[in-house]
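With the hints as your guide, set chain B onto chain A.
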Amino acid sequence: QKEVEQNSGPLSVPEGAIASLNCTYSDRGSQSFFWYRQYSGKSPELIMSIYSNGDKEDGRFTAQLNKASQYVSLLIRDSQPSDSATYLCAVNWWTNAGKSTFGDGTTLTVKP
Amino acid sequence: NAGVTQTPKFQVLKTGQSMTLQCAQDMNHNSMYWYRQDPGMGLRLIYYSASEGTTDKGEVPNGYNVSRLNKREFSLRLESAAPSQTSVYFCASSEAQSYEQYFGPGTRLTVT
Chain A
6 QKEVEQNSGP
16 LSVPEGAIAS
26 LNCTYSDRGS
36 QSFFWYRQYS
46 GKSPELIMSI
56 YSNGDKEDGR
66 FTAQLNKASQ
76 YVSLLIRDSQ
86 PSDSATYLCA
96 VNWWTNAGKS
106 TFGDGTTLTV
116 KP
Chain B
3 NAGVTQTPKF
13 QVLKTGQSMT
23 LQCAQDMNHN
33 SMYWYRQDPG
43 MGLRLIYYSA
53 SEGTTDKGEV
63 PNGYNVSRLN
73 KREFSLRLES
83 AAPSQTSVYF
93 CASSEAQSYE
103 QYFGPGTRLT
113 VT
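First to last, the sequence lines map onto chains A and B. Here our numbering is used: position 104 in the first sequence is 109, and no number is missing along the way. Here our numbering is used: position 89 in the second sequence is 91, and no number is missing along the way.
Okay, chain A solo, but in the shape it has when bound:
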């Protein structure tokens, strides 16, 4: 079992809908959680970081963390075609605080 798992997709949603991306992780004393967006042929860019249980909102993006259930999710409200990309989940553990372990990513397509 991978330490960080994401549905590979592809996930397809209509424009204006809510896109929900999920990530589960193994329990090794998790510390920090990140969502990165990667357009095809480009480098990853940070969207959200979340460090404690609950929700964190930034514009159309909401990250949700549930440490008891070992999952972190990213909601994208009012999805736009420009949101079409691969979304990478990353986790840092206390034992390797400086290193992130990445999931394989979920590809999202927003159809006009």
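Think of the hints as simulated: they come from the structure by calculation, not from any bench. Keep in mind the model is a prediction, meaning the values are calculated, not measured. Positions of the beta carbon are idealized from the N, C-alpha and C atoms, including for glycine. Check before you lean on any hint, since a few could be wrong.
Said to hold, decoys possible - Far from chain A by the CB rule (all over 12 Å, computed), these chain B residues: (1) Lys16; (2) Ser20; (3) Asn32; (4) Gln39; (5) Gly65; (6) Ser86; (7) Thr88; (8) Arg110; (9) Thr112; (10) Val113.
Stated by the list, open to error - If you want the footprint, here are the derived chain B segments under chain A, 3+ residues with CB under 8 Å: (11) 43 to 51; (12) 97 to 107.
For chain B alone, kept in the frame of chain A given last:
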């Protein structure tokens, strides 16, 4: 503010040749990273440097060496390139406290 820069952008090597990938950041970050990304996969950590003068192996270090030349620069060397090292290589940097990573544009390496 250039962020994280990488050179070269593209490179083709023959099996057995050597080369060095260069990375520099101007954000005064302590931590720097080298990743490889193969098609349809997430990022795999090759080497990590928590600060100038320190380096640590990641998930896939075999066949690579690194040098943290100073706080700004972190280079990755392939001593004897193999076709299995064909990949896209990303350099990243982060602050020590947040671990939010900022990526360079990547180097596309093909080994024939």
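Hints versus structure:
At roughly 25 Å, the least C-beta separation between Lys16 (chain B) and chain A is larger than 12 Å, which holds for a residue marked as non-interface. The non-interface label for Ser20 (chain B) is consistent with chain A: the shortest C-beta to C-beta separation is roughly 25 Å, beyond 12 Å. With a least CB separation of 9 Å from chain A, Asn32 (chain B) falls inside the 12 Å interface cut-off, contrary to its annotation. Remark: the non-interface label on Gln39 (chain B) conflicts with the geometry, its nearest Cβ contact in chain A lying 9 Å away (cut-off 12 Å).
Taking the minimum C-beta to C-beta distance to chain A, about 19 Å, the non-interface status of Gly65 (chain B) holds against the 12 Å cut. Distance check on Ser86 (chain B): its Cβ is at least 19 Å (rounded) from any Cβ of chain A, clearing the 12 Å threshold; non-interface status holds. The claim that Thr88 (chain B) is not at the interface with chain A holds, since no C-beta of that chain comes within 12 Å of its own (minimum 16 Å). Against the 12 Å criterion, Arg110 (chain B) falls within the reach of chain A, whose nearest CB is about 9 Å from its own CB.
No Cβ of chain A approaches the Cβ of Thr112 (chain B) within 12 Å, the least distance being about 15 Å, so the stated non-interface status holds. Every Cβ of chain A is farther than 12 Å from the Cβ of Val113 (chain B); the closest lies at roughly 20 Å, confirming the non-interface assignment. Evaluation of the coverage hint for the stretch 43 to 51 of chain B: fulfilled, as 6 residues show C-beta separations to chain A shorter than 8 Å, against a requirement of three. Counting residues of the stretch 97 to 107 of chain B whose C-beta lies closer than 8 Å to any C-beta of chain A gives 9; at least three are required, and the coverage claim holds.
Comparing the model with each earlier hint shows violations of hints 3, 4, 8; every other hint is respected.
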